[in-house]
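Peer 1: Since the structure of chain A is provided, determine the placement of chain B with the ligands on it from the hints.
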Amino acid sequence: MVLIYSNNKKLTLEMIAKGRELADEQDGEVIVAMIDEKDENLANEYISHGADKVFLVESGVENFKAEEYTDIMANMVNDVESGPVLIGSNKYGKELASRLAAKLSTGCVIDCTDIYMEDGELTVERMVYNGNAISVERFSGRPGIITVPSKLFDPLKKDEGRSGEVIEKSYDVSSSYSNIAGIEEMPSEGVDVEAANIIVSCGRGFKNREDLHLAEELADALKGKVIGCSRPISADLKWLSEDHWIGLSGHKVKPSLYFAIGISGQIQHIAGIRDSGIIVAINKDPNALIFDSADYGIVGDLYEVLPKLTDAIKKEMD
Amino acid sequence: MNIIVCAKQVVDVREIKIDKQTNKPILKGIGKTISDIDKNAVEEAIKLKEENKDTKVTVLSVAPFDAREQVKELLAMGADEAVLVSPPEEFDYNTVSTLLAKAIEKIGDYDLILCGEASVDLFSGQMGPRIAGLLDIPQITYARAMSIEGDKVRAERDLTDKAVKMESTFPVLITVTKEINKPRLPSLMGILGAASKPIIEWDGSDLLEERMEPGIKSVDLRGVSMERKNVVYGEDPEEGVRKLVISLGKEGLLG
Ligand SMILES: Cc1cc2nc3c(=O)[nH]c(=O)nc-3n(C[C@H](O)[C@H](O)[C@H](O)COP(=O)(O)OP(=O)(O)OC[C@H]3O[C@@H](n4cnc5c(N)ncnc54)[C@H](O)[C@@H]3O)c2cc1C
Ligand SMILES: Nc1ncnc2c1ncn2[C@@H]1O[C@H](COP(=O)(O)O)[C@@H](O)[C@H]1O
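Residue numbers (the working numbering), protein chains in the order written: chain A, 1 to 318; chain B, 1 to 255.
One or more of the hints may lead you astray.
As the list claims (entries may be wrong) - The calculated DSS-like cross-link candidates involving lysine-lysine, where the alpha carbons are at most 25 angstroms apart (straight line), are:
{"no.": "1", "chain 1": "A", "residue 1": "Lys-103", "chain 2": "B", "residue 2": "Lys-106"}
{"no.": "2", "chain 1": "B", "residue 1": "Lys-229", "chain 2": "A", "residue 2": "Lys-284"}
{"no.": "3", "chain 1": "B", "residue 1": "Lys-56", "chain 2": "B", "residue 2": "Lys-72"}
{"no.": "4", "chain 1": "B", "residue 1": "Lys-250", "chain 2": "A", "residue 2": "Lys-314"}
Just so you know, the hints here were simulated from the structure itself, not pulled from any lab data.
So here's chain A without its partners, still in its complex pose:
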């Protein structure tokens, strides 16, 4: 029995594919939990993509709170005597998975990079030490909780003929005594750095938000058009929305060409760009760490180098 939950549809479809593989090895079922999403069409879509059962659960609470969703999931795990629990690895999923693991006194691995059965045991891999190592970890005991980042697995093809069950369920929830006082949508520019083939990334070397146009012009010249950034540009200064943020705590990218401009090259930034093809750095400090992680670098002031580079690349690409 594999149990799957995410508040994100794409991620759920991706996890169903992996869940199917794990369940088939043990002649088990794939169960998808849908919490507070009264959507039978979506439930049937999950079934046609490989799920056996979909549980429709109403929490009775207005908005997600890990405390309450943990109660639901813990009850469900016990109810179906679940084996592996796969949870979508966004911030909601991670805090839910961790609290759930504590409640069930079980192992939990956050942000796995692979999942498989080995020697009859559930085995996962994850990145540790800022991407310097892969740790292979084996669960002993049930259920075992894993959070799965997006785009790790491909969804199964749709099979309209597949049959399954959509079941309404209700579980006891004890309400948390924290209160949600307000929810605000965060800005998003809808860029997908993870899918980009060329990324021009900006760091604190830029003095003003307006100056980021220098990076945009380079991206345009490269016909790349995707701008990335270091954590402070997004999290502290809020010059770019969080979908641009690259690194350990941001997006992991794998473009064929990555420009790090005015980025010092701290290990937490590098953790997000290790799988890049060619890395180019522009930094005015000849001792900047970024040059150790770059294929090509120019020591210089970005305000002088960028316009020249953009011009030269335009000429070359014509």
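Peer 2: Below, chain B with the ligands without anything else, positioned relative to chain A:
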């Protein structure tokens, strides 16, 4: 008010190299520090102490007793007391979170527990929610701002797609992000003062009713090395640009 800050001793990730022969990260002989974001948690606790009278800040760490040195730095920043709990030989997140929760219950009378959003070596963000779950108290994760007003704490969470304002009564566990503040450097007075602050040591096995089997075992650790060409053009920018464009052309990356 009693604030407990959970702080983790980690290897200094900047120093990690991969052994080419064995393809394993070399972890022996590497410097140890307190995980970056845990210093933000300590800073936040000290700020609350400065704003709210009769506040005590206790630092709690599951770590071998050699973590005394690292913990002293947190006392020098302004925490009042530290508790070190020694882990068993084999442990996982389940074991450590149980030890932390037991230690918190033993310290007793807690109002606010602070953790980092994630530790800089393993970057799981598991421990905070696990502790909150074990203690059965609310959790507010990814707080980028917080304040105490009367008998309530308010916090603003960064959930990537949403900013969520929360409030809770005590006790509550909050995990903070790096952006919440800028940790202070210990002053000379602070460093001198820290020498006389208590560091209490508890044996982890005394806190557990029975031995805990880890639910997860690490079966392999493979180094991932990143070889790069490291060609740096240091002469005047004009030349640098020209050479870079030639190189990128040769790599087949321009059109
Ligand atoms: C747990 C944890 C998680 C983290 N996660 C991430 C993450 O996901 N992503 C991330 O990026 N960071 C992350 N960080 C932060 C990281 O450690 C660094 O602080 C951050 O990457 C630094 O950003 P920066 O390089 O833009 O700024 P800085 O370190 O300030 O570097 C600016 C650089 O610009 C150069 N410069 C200045 N002026 C110019 C000029 N005119 N021309 C050219 N160069 C110039 C400087 O020489 C310097 O090297 C994390 C930290 C922690 C502790
Ligand atoms: N051994 C430990 N002792 C005390 N606190 C810890 C320990 N491990 C983790 N923490 C706390 O939990 C947070 C998240 O850690 P992690 O789950 O490892 O990412 C850290 O920032 C600390 O606040």
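Peer 1: Taking the hints in turn, state whether each one holds.
Peer 2: Now the hints, each set against the structure:
1. A:Lys-103 / B:Lys-106: holds (20 angstroms)
2. B:Lys-229 / A:Lys-284: Status holds; Cα separation ~19 angstroms.
3. B:Lys-56 / B:Lys-72: holds (16 angstroms)
4. B:Lys-250 / A:Lys-314: Holds. B:Lys-250 to A:Lys-314 sits at ~16 angstroms (cutoff 25 angstroms).
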